[in-house]
Amino acid sequence: MPAELANTETEQLEAYRAGVRAAATRAPDAGRGAGAGRRGVKLNTGYVLVAPYLVHLLIFFGYPLLFSLVLLFHRWDVVTPMEFVGLKNFVRLFQDDLFFRAILNTGLFLAIHIPLQILVALFFAELLNMRLKGRGLFRTIYFLPVVVSGVVVTILFQQLFSFDTGYINNVLTALGGERVPWLVSPVWAMPSIALMATWKNVGLYVILFLAGLQNIPEAMYEVADLEGANLWEKWWLVTLPMLNPMVVTVVVLSTIGGFSLFIEPYVLTGGGPLNSTLSGLLYIYNQAFSFNHMGYAATLGLFFALVIFVVVLLQRRFVETDFY
Amino acid sequence: MLFACLVFVVGCGRGETQEGDTGGPARLTYWSAPNPQERALAEELVARWNAVHPEVQVTVQALPAGQSSEEVLLAAIVAGTTPDLCSNIWPGILSDFVRSGGVLPLDAFPDFDSLMQARVPADLLESFRAADGHFYQIPWKTNPIMMLYNLGIFRDAGVAGPPRTYSEYLEAGEKITADVDGDGQRDRWMGYRDIRPIWWQRYFDYYPFYIAASSGQTLFDDGAVAIDTAASTIVLGFFRAVYARHYFPITTFQGNPMVAGKIATEFTGPWSLAWLEENAPPGFEYDYAPLPVPDDFTGPVYTYGDYKNIAIFSNTRHPEAAWAFARYLVSEEADLLLLEKARQIPVREGLLTDSTFAAFFAANPKMRPFAEQAPRTRGVDGVSSLQEVLDALAQQFEAAAVYGVTEPDKATARAIDRIRVINEWSH
Amino acid sequence: MKKTVAYSALVLGLVVFAYPFVWMVMASLKPELEIGDLALLPSRWTVENYTLVFESIPLGRAFLNSVLVVAAVTASVLVFGSMAGYALAKLRWRGREAVFNLILFTMMVPFLVMLIPLYTLIVRFGWTDSLLGLIIPFMMSATAVLILRQSFLAIPQDILDAARIDGCGEGRILFTIVWPLSIPALVTAGIITFVGNWNEVLWPLVVIRQEAWMTMPQMVTLFAVGGGANARLGPQLAAALLLALPVVVAYLFFQRHFISSLASTGLKG
Chain A
1 MPAELANTET EQLEAYRAGV RAAATRAPDA GRGAGAGRRG VKLNTGYVLV
51 APYLVHLLIF FGYPLLFSLV LLFHRWDVVT PMEFVGLKNF VRLFQDDLFF
101 RAILNTGLFL AIHIPLQILV ALFFAELLNM RLKGRGLFRT IYFLPVVVSG
151 VVVTILFQQL FSFDTGYINN VLTALGGERV PWLVSPVWAM PSIALMATWK
201 NVGLYVILFL AGLQNIPEAM YEVADLEGAN LWEKWWLVTL PMLNPMVVTV
251 VVLSTIGGFS LFIEPYVLTG GGPLNSTLSG LLYIYNQAFS FNHMGYAATL
301 GLFFALVIFV VVLLQRRFVE TDFY
Chain B
1 MLFACLVFVV GCGRGETQEG DTGGPARLTY WSAPNPQERA LAEELVARWN
51 AVHPEVQVTV QALPAGQSSE EVLLAAIVAG TTPDLCSNIW PGILSDFVRS
101 GGVLPLDAFP DFDSLMQARV PADLLESFRA ADGHFYQIPW KTNPIMMLYN
151 LGIFRDAGVA GPPRTYSEYL EAGEKITADV DGDGQRDRWM GYRDIRPIWW
201 QRYFDYYPFY IAASSGQTLF DDGAVAIDTA ASTIVLGFFR AVYARHYFPI
251 TTFQGNPMVA GKIATEFTGP WSLAWLEENA PPGFEYDYAP LPVPDDFTGP
301 VYTYGDYKNI AIFSNTRHPE AAWAFARYLV SEEADLLLLE KARQIPVREG
351 LLTDSTFAAF FAANPKMRPF AEQAPRTRGV DGVSSLQEVL DALAQQFEAA
401 AVYGVTEPDK ATARAIDRIR VINEWSH
Chain C
1 MKKTVAYSAL VLGLVVFAYP FVWMVMASLK PELEIGDLAL LPSRWTVENY
51 TLVFESIPLG RAFLNSVLVV AAVTASVLVF GSMAGYALAK LRWRGREAVF
101 NLILFTMMVP FLVMLIPLYT LIVRFGWTDS LLGLIIPFMM SATAVLILRQ
151 SFLAIPQDIL DAARIDGCGE GRILFTIVWP LSIPALVTAG IITFVGNWNE
201 VLWPLVVIRQ EAWMTMPQMV TLFAVGGGAN ARLGPQLAAA LLLALPVVVA
251 YLFFQRHFIS SLASTGLKG
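Protein chains in written order, with the numbering used here: chain A, 1 to 324; chain B, 1 to 427; chain C, 1 to 269.
If you are wondering where the hints come from, they were derived from the structure by calculation, not from laboratory data. Heads up, some of the hints might be wrong.
[As the list claims (entries may be wrong)] The calculated lysine to aspartate or glutamate pairs, modelled on DMTMM-like cross-linking and capped at a C-alpha distance of 20 Å, are: (1) A:K234 to A:E218; (2) B:K366 to B:D354; (3) B:K175 to B:D287; (4) B:K366 to B:E285; (5) B:K366 to B:E278; (6) C:K2 to A:E126; (7) C:K3 to A:E126; (8) B:K341 to C:E55; (9) B:K410 to A:E233; (10) B:K341 to B:E277; (11) B:K175 to B:D295; (12) B:K175 to B:D187; (13) B:K341 to B:E278; (14) B:K366 to B:E277; (15) B:K410 to B:E277; (16) A:K88 to B:D417; (17) C:K2 to A:E233; (18) A:K88 to B:E174; (19) B:K175 to B:E285.
All values reported here derive from a predicted model rather than from experimental measurement.
Put together the whole structure using the sequences plus the hints.
See below:
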């Protein structure tokens, strides 16, 4: 039963990834080889079927996108009319140390979160791939934090991380250790949040890696055995290269997820201590909805999106190694 | 498209909550603060009013809990869904409402002046005048921030009475902050502040202490930054000492550390009294005192008063009825209910001498310090970027005081620079 | 030996991932002062934290709001997403590639960029403080279109052609022939939409101010952040648990589908 299950997962994953790949290469011919629309299908049925989607897209994507471009050049506090300010928002952005601090903070978060996530996920994926009894239960539990709302997890960790009364510190002191200033020290706060985020998301990546591992043909290991490779060499020369596409997926997904870090610092630290957990999105939220700088916040948002885009491009370039 | 956007922003739609003038009673919607005490107060007031005013029937709604009232009201103005009147208007946001044309000038009502004269000292009233010279708010209640202290801990540590100056406060801190259960970790402190750099948290440390140290100055004068540098620096220096000597823990407490006996002092308003009476464990002894001041300080001690005022929104269909109800909200009857139900201080002259309220203060002696303090409170400046200004101060408070990484004078200078920039941005 | 080590590690993982939830359930049933204690079991079981939650906030109403929003969004995403996905996969029309690329492009623009302009649009339509503001902007999902299109591509053309010969319209083909063949993809798209939408906080925070229209995650967030519980921990944990409950129950019943669906797209759509 579990094996069969894993297969459907793998297939779906494969199908999805194939889809993404096809999409990435601009889907040269959707409906390929199927002779779509040969037999007198009315030409305009397609339009009718996509029309609702396109109308919606025009209103709820096109208009906001255009409007955000307009906002870039305006000052607007929601209450009073917009005022054209030329390039002032951009000038201000480049003088805004705090915003760059927020981007760097997000970078630090990713630098801790991604490697940690990959290591932990690989570890558990390898264990689950040993096809031991009861692995369905383990998988179910590991994945549980993924489905639970970030709010729940944040409230939970607010209690667990509390310096004086938190459960983790109580356990540490009971074991004779020192209390850890999880969220109240500028040095610890961001790593603590990264730890929490890893705890929440790692189950997803365990599943992704597990699917990747199950996809590696047994024959490749047999070949490695014939050539006298030891366990480590097999892992390094077969497993890792074969997993590479999955690693890329994981890196890209957690990067995009990591850049949208918001609710955790919003609830836990308010961006402190000393701005150490001020994330890009939290800063933009504050500018927009605490200080009512809609134009400026739109400018920050666009710039931030650009940063994400560039980072993801760079990651793809450096992580996606061609092994074959 | 741009034009269309402007139209929707400026031209607030009519609130859908109201009915047309088709005979029958005038119906008003009144928004109160969301906390349970004030909800109960508002319901009582409205019930009493509706019983005797069949021609003006009021419905009370609580502002949504959790989010700040300011955000909610601003959103309501933009969306055109404001109530007829609201008694939870923070003066710091009113300038935005005025600029958007969301509120009615109240001095247009003929009896505004006489009502105010009977209620508010002239200099205090003046501080609520809008930039255009009109008044858009009735000062309703003020919650002076004072020092709450745990008498039991004071006695236990051998501290005679509430500290009056910074030095006395620090001395008391030395005696009180300790490891009581002997596990090698401090577990009792002089006080505690939420250290998250959230702008409104500074209403409970930096800002009231600054007002006290500067004898009642606020941050702006006629729209220009006018921070008393010496006062700001000495306040930051005081909190820096408090944190450097570990009299305040750098932590995030869960639950209320005051009733848990973890801290000896807290800077808070009269609402804490109502809460303590309900939640404090038996035998918990406490009292209130004015905020500590610099050692060489003389004169009366001012503090921050969290004013909440009444405003009438411009899309009301019954301005006269709304005004009549607003007047009722500041009547003697209503003010007494405010004291009794919500334990908050109405803005009213002669509160302690008026016989109407004498019985209340006799039965609730702990409310007296607040009533005494109330005339010497300052609110916030009515500048539009106030939240961002306080955010800038919160950043410097965190750096100079909590973590001690910036010198207090430098932090003050940086805050002033930053506030200038903020001001330039907003105009 | 190897197995023992592996099992120990797996069980350690089990504790790490499950124990916080167990602790949370227990803590929410403890008297306030015992929450920080090491002992897992309370000295006295109590539901006062839960009663306090229901006394302070209309969580039932929020639950209803959330259910309405999620149901409407999911249904619409599946119906309209299938229509678009079908047109993109199985019909040939001028501009199809352009539309497909456009949809891909919308996926690349972060929601953040749209947040503020979209909010102003909602204000303009008068949908603040209304469920419409939570539903209508999310009635279409590019992710769902992508998943469904991918699945429809695999359906043999002959089946469709046969149906056309029998005189079926495209709409009927889609919903009576293609849908039954694409249940896994529909489930995947449905679950992703459901989970993402159920857990969404930022957008309701922006759009909804009145308690009557708040969604469950929003209300719980504000309850925890805004100290609606008079800074008591128990009610916060209780509220958080109530928020988690529907998704966890759904997850435990359909866990395979949840795992494969969410794994197929990463966290959110």
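Against the structure, the hints come out as follows:
{"no.": "1", "hint": "A:K234 to A:E218", "in the structure": "12 Å, holds"}
{"no.": "2", "hint": "B:K366 to B:D354", "in the structure": "18 Å, holds"}
{"no.": "3", "hint": "B:K175 to B:D287", "in the structure": "19 Å, holds"}
{"no.": "4", "hint": "B:K366 to B:E285", "in the structure": "11 Å, holds"}
{"no.": "5", "hint": "B:K366 to B:E278", "in the structure": "15 Å, holds"}
{"no.": "6", "hint": "C:K2 to A:E126", "in the structure": "13 Å, holds"}
{"no.": "7", "hint": "C:K3 to A:E126", "in the structure": "12 Å, holds"}
{"no.": "8", "hint": "B:K341 to C:E55", "in the structure": "19 Å, holds"}
{"no.": "9", "hint": "B:K410 to A:E233", "in the structure": "58 Å, violated"}
{"no.": "10", "hint": "B:K341 to B:E277", "in the structure": "13 Å, holds"}
{"no.": "11", "hint": "B:K175 to B:D295", "in the structure": "19 Å, holds"}
{"no.": "12", "hint": "B:K175 to B:D187", "in the structure": "13 Å, holds"}
{"no.": "13", "hint": "B:K341 to B:E278", "in the structure": "13 Å, holds"}
{"no.": "14", "hint": "B:K366 to B:E277", "in the structure": "11 Å, holds"}
{"no.": "15", "hint": "B:K410 to B:E277", "in the structure": "42 Å, violated"}
{"no.": "16", "hint": "A:K88 to B:D417", "in the structure": "19 Å, holds"}
{"no.": "17", "hint": "C:K2 to A:E233", "in the structure": "18 Å, holds"}
{"no.": "18", "hint": "A:K88 to B:E174", "in the structure": "51 Å, violated"}
{"no.": "19", "hint": "B:K175 to B:E285", "in the structure": "19 Å, holds"}
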